[in-house]
Each structure stands twice: as C-alpha cells, then as structure tokens.
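*Asks:* Sequence:
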Amino acid sequence: MIAYDLGAFDGLARRVIRVVKYKGDMRLEDGGDREESFPAGYAISYEEIARYIMAITPSQEVLDSSIRRQHTAFPEIAVRELLANMMVHQSLDQRGTNPMVEVFSNRIEFSNPGAPLVPIERLIDTVPLSRNENMAGFMRKCGVCEERGSGYDKIVMATCENELIAPIVQNQMDLFTKAVLFAKMPFDLTSKEDRVRTCYMQACLAYVNFGSITNTDVRRVFGLEASKSSQASKIIRDAVAAGLVKPVDPSTAPRHMRYVPYWA
Numbered sequence: 315m316i317a318y319d320l321g322a323f324d325g326l327a328r329r330v331i332r333v334v335k336y337k338g339d340m341r342l343e344d345g346g347d348r349e350e351s352f353p354a355g356y357a358i359s360y361e362e363i364a365r366y367i368m369a370i371t372p373s374q375e376v377l378d379s380s381i382r383r384q385h386t387a388f389p390e391i392a393v394r395e396l397l398a399n400m401m402v403h404q405s406l407d408q409r410g411t412n413p414m415v416e417v418f419s420n421r422i423e424f425s426n427p428g429a430p431l432v433p434i435e436r437l438i439d440t441v442p443l444s445r446n447e448n449m450a451g452f453m454r455k456c457g458v459c460e461e462r463g464s465g466y467d468k469i470v471m472a473t474c475e476n477e478l479i480a481p482i483v484q485n486q487m488d489l490f491t492k493a494v495l496f497a498k499m500p501f502d503l504t505s506k507e508d509r510v511r512t513c514y515m516q517a518c519l520a521y522v523n524f525g526s527i528t529n530t531d532v533r534r535v536f537g538l539e540a541s542k543s544s545q546a547s548k549i550i551r552d553a554v555a556a557g558l559v560k561p562v563d564p565s566t567a568p569r570h571m572r573y574v575p576y577w578a
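315 is the number of the first residue of the sequence shown in our numbering; add one for each residue after it.
Be a bit skeptical, because a hint or two may be false.
With a straight-line cut-off of 27 Å between C-alpha atoms, the simulated DSS-like cross-links for lysine-lysine are [claimed, not checked]:
| no. | residue 1 | residue 2 |
| --- | --- | --- |
| 1 | K492 | K337 |
| 2 | K498 | K542 |
| 3 | K455 | K498 |
| 4 | K492 | K468 |
| 5 | K455 | K548 |
| 6 | K506 | K455 |
| 7 | K542 | K492 |
| 8 | K335 | K492 |
| 9 | K506 | K548 |
| 10 | K492 | K455 |
| 11 | K468 | K455 |
| 12 | K335 | K498 |
| 13 | K560 | K548 |
| 14 | K492 | K506 |
| 15 | K542 | K560 |
| 16 | K498 | K468 |
| 17 | K506 | K560 |
| 18 | K335 | K468 |
| 19 | K542 | K337 |
Label pairs and their calculated CB-CB ranges [stated by the list, open to error]:
| no. | residue 1 | residue 2 | range |
| --- | --- | --- | --- |
| 20 | G338 | R436 | 32 to 38 Å |
| 21 | A555 | F323 | 47 to 53 Å |
| 22 | D324 | E362 | 21 to 27 Å |
| 23 | R348 | A327 | 18 to 24 Å |
| 24 | A327 | A555 | 44 to 50 Å |
| 25 | E390 | G325 | 42 to 48 Å |
| 26 | S547 | T386 | 51 to 57 Å |
| 27 | T530 | I391 | 42 to 48 Å |
| 28 | A555 | R348 | 25 to 31 Å |
| 29 | A540 | P561 | 17 to 23 Å |
| 30 | C456 | P372 | 49 to 55 Å |
| 31 | F501 | P372 | 16 to 22 Å |
| 32 | K560 | R328 | 15 to 21 Å |
| 33 | N485 | P564 | 31 to 37 Å |
The hints are simulated quantities; they were obtained by calculation from the structure and are not laboratory data. Don't be surprised by glycine CBs; every beta carbon is placed ideally from N, CA and C.
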C-alpha cells in the first residue's frame, strides 16, 4: 500500500494500475492512444491517478458569474469513488491482468479482476462488503474510502445532479467487474435500457434516503422541460414493466404517483 514500486515484490506487478486514453469512443481508433502506469502502492498513487484521469478527460471552459471555470465531462466524485472501488474490490488471487481505467471521449471504463460481491441491482442498498478487508481498512485510514457502503450512493447522486445516465456495472463471466461512467448525451440518443436503468437507480437512491421519485424527479435527471412530462411518464412505465420500480400507492391519481424500487 505504501511501496514506491509494486513490481519490486513477487506477485504484485499485476496490481499496478494502468490508465489508457483513447482518441475517440472506440479502442480501434488510431492516432491518439496513450497509456500510463502507476507502480506505487495505492495509498501513494490514488490521488495521483485520480488527478491524472480528470486531467485527460474532455472539458470545456464555462462562464460562471463572470468567472471562467473548467467544466469536466465526468463528475470528479464519481471518478474517485469508482477508482477506489476498483482498487479495493479487486481479486488479488487472479493473475494475468491489471486493474485498468480506459478513458474515451464519451465514457470511462473501470475494470478489475474479480466478480461483484453483491447483486448488481442491489449495489446501492447493500451492507458494506469487502474482498480485501485489510486493504479497505488501510485505505479508509488514508481517506481513500469509507467502508460504509455509500460509494455507489455518491456515484448515482453525482450522475443525477449532472443529468447523466446511470453508470453500468457488469459481471463479466464471474471473473471481472467493469463499471462504465458516461458523459452527458442528448436525451434522444439515450436508449430505453439507459433510461430504465437510470430511473431505477434514482428510485433506489431516493428510497435508501427514505424517499421516492415522481415524474418531476425523472424529468430533472434527464434535463426534460415540464412540457416533456409525457416522456418522463413513458420512462417510468417502462421501468414498471421491467419489474424494477413500483408505485407506492397504485390507487393514487397519476399526476401524484410516487415510485420506489421493486424490492422496497
């Protein structure tokens, strides 16, 4: 955790974090790929890696109250939480691959050896679990993670506040975990799956904070105007049809309907 070169220790060379930057949104695009490895222990390298990722992500200068600020395509808190999760929840027993961050123009992918420890649809409300308790404890003392199970709460809250679709978390053949954080995209370019997943994760976040979601909440997350309430209603109907959310009280008038996750 505090070594300056993990490669100097037997079996730890594959624990080095790799960050790959691609020119566009595909791995096959030529002319612009660059890769950096961070050989130091995680307690030393975490901050450096997080800052490096934010430095190479797309950004634009915006004018805020006469002050020019850099607005990044991805919320920093979400990047930091996903990076910490990738480090702490990797399987140290699996060989042959490094934890890796891949930065594209429209997304960031965080991949680590080891399948998710809990069902993906219950990431927000599960009790804290760690594959590497000693590492997690040390990282908590270093201020990198909290061991409170609130990481995905922060990630989803950050994406909701920035009108981004919810991240995708994938279990790849029970061997690897991949989490994908997306940049903002026009509503018309989002898929039905994206919209339903985002609605569900929003409902989960609301419920664990003793709340529920409404048409207005869904509109706000997708950046839809009040005149587009019918589109928000369709997203909710699709989420209900998929068995992911349910009405708090089915007898309530449609305009006052509130929704919670299916497991509530």
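*Asks:* Please go over all the hints and tell whether each is borne out by the structure.
*Replies:* Going through the hints against the structure:
Distance check on the hinted pair: K492 and K337 sit about 20 Å apart at the alpha-carbon level, within 27 Å; holds. Our distance criterion of 27 Å between C-alpha atoms is met by K498 and K542, whose separation comes to about 19 Å. In summary, the hint linking K455 to K498 is not supported, as the alpha carbons are separated by about 34 Å, beyond the 27 Å threshold. At roughly 18 Å between alpha-carbon atoms, K492 and K468 fall within 27 Å of each other, so this suggested pair holds.
Annotation: proposed proximity of K455 to K548 is violated, straight-line Cα distance about 45 Å (limit 27 Å). In summary, the hint linking K506 to K455 is not supported, as the alpha carbons are separated by about 41 Å, beyond the 27 Å threshold. Restraint check: the Cα-Cα separation between K542 and K492 comes to about 33 Å, which exceeds 27 Å; the hinted pair is violated. With a C-alpha separation of about 17 Å, the suggested pair K335 and K492 falls inside the 27 Å cut-off, and the hint holds.
Only pairs whose Cα atoms come within 27 Å are accepted, and K506 paired with K548 is accepted, the gap being roughly 10 Å. Restraint check for K492 and K455: the C-alpha separation of about 26 Å stays at or below 27 Å, so the hint holds. This hinted pair checks out: K468 and K455 have alpha carbons roughly 19 Å apart, not beyond 27 Å. Taken as a hint, the K335 and K498 pair is honoured in the structure, with Cα atoms around 18 Å apart against an allowance of 27 Å.
Restraint check: the Cα-Cα separation between K560 and K548 comes to about 14 Å, which is no more than 27 Å; the hinted pair holds. At roughly 21 Å between alpha-carbon atoms, K492 and K506 fall within 27 Å of each other, so this suggested pair holds. Between K542 and K560 the alpha-carbon distance is near 22 Å, which keeps this suggested pair within the 27 Å criterion. Note on K498 and K468: the hinted pairing holds, with a Cα-Cα distance of about 17 Å set against a maximum of 27 Å.
Taken as a hint, the K506 and K560 pair is honoured in the structure, with Cα atoms around 18 Å apart against an allowance of 27 Å. A hinted pair counts as satisfied when its Cα atoms are at most 27 Å apart, and K335 with K468 qualifies at roughly 25 Å. Taking the CA atoms of K542 and K337, the gap is about 35 Å. The hint is violated against a cut of 27 Å. Between G338 and R436 the beta carbons are some 34 Å apart, a value that agrees with the proposed interval 32 to 38 Å.
For the hinted restraint 47 to 53 Å between A555 and F323, the CB-CB distance of approximately 52 Å keeps it satisfied. The hinted range of 21 to 27 Å is satisfied by D324 and E362, whose Cβ atoms lie roughly 24 Å apart. Checked against the hint of 18 to 24 Å, the pair R348 and A327 passes, with Cβ atoms roughly 21 Å apart. Between A327 and A555 the C-beta distance comes to about 48 Å, which sits within the given range of 44 to 50 Å.
Taking 42 to 48 Å as the suggested C-beta distance range, the pair E390 and G325 does not conform, at roughly 32 Å. A hinted range of 51 to 57 Å for the beta carbons of S547 and T386 is inconsistent with their spacing of about 32 Å. The hint said 42 to 48 Å for the Cβ distance between T530 and I391, and at roughly 24 Å that hint is violated. One distance hint, 25 to 31 Å for the beta-carbon pair A555 and R348, is violated here, with the actual separation near 44 Å.
Look at A540 against P561: about 21 Å separates their beta carbons, and that is inside 17 to 23 Å. Taken as a hint, the range 49 to 55 Å is violated for the pair C456 and P372, whose Cβ atoms sit roughly 29 Å apart. Range check, F501 to P372: about 19 Å between beta-carbon atoms, so the 16 to 22 Å window is met. A hinted range of 15 to 21 Å is violated for the C-beta pair K560 and R328, which are about 44 Å apart.
At roughly 33 Å, the beta carbons of N485 and P564 sit within the given window of 31 to 37 Å.
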